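Novice: Sequence:
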Amino acid sequence: MTERELIKLEATIRNKMEEIKKQRVSLKDSGIGGLINSLRKVDEALYEKIMPEYKEMVAKYNIFK
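Read left to right, the sequence shown gives residues 1432 to 1496 (this note's numbering).
Do not take every clue at face value.
Cross-link-like lysine to any residue pairs, in silico, SDA-like; alpha carbons within 20 Å at most [to be verified]: (1) Lys1452 / Glu1487; (2) Lys1447 / Tyr1485; (3) Lys1472 / Leu1437; (4) Lys1439 / Val1473; (5) Lys1480 / Asn1468; (6) Lys1453 / Gly1464.
Hints were generated in silico from the structure; no laboratory data involved.
All values reported here derive from a predicted model rather than from experimental measurement.
Produce the complete structure using the sequences and hints provided.
Specialist: Here it is in structure tokens:
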């Protein structure tokens, strides 16, 4: 994966996190889990950086529509 693709993946994950926080899409429907798993395979350091934010978001914003 190129650097540009990695940046795009990170942006997509952060965008989906914002959509979940604003309740535009549910956690399950967003598909963010698959994106985070693919990030883990590609860049472990970035995964470790995003994971605490993701866990906090899940704890606060896991509201079912």
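Novice: A separate judgement is required for each hint: does it hold in the structure or not?
Specialist: Hint check:
1. As the CA atoms of Lys1452 and Glu1487 are separated by approximately 11 Å, the hinted pair is consistent with the 20 Å bound.
2. A distance of roughly 10 Å separates the Cα atoms of Lys1447 and Tyr1485; the hinted pair therefore holds under the 20 Å criterion.
3. For the proposed pair Lys1472 and Leu1437, the alpha carbon gap of about 11 Å is at most 20 Å, so the pair holds.
4. A distance of roughly 13 Å separates the Cα atoms of Lys1439 and Val1473; the hinted pair therefore holds under the 20 Å criterion.
5. Note on Lys1480 and Asn1468: the hinted pairing holds, with a Cα-Cα distance of about 13 Å set against a maximum of 20 Å.
6. In summary, the hint linking Lys1453 to Gly1464 is supported, as the alpha carbons are separated by about 18 Å, within the 20 Å threshold.
Every hint, counting from the list given before, is met by this structure.
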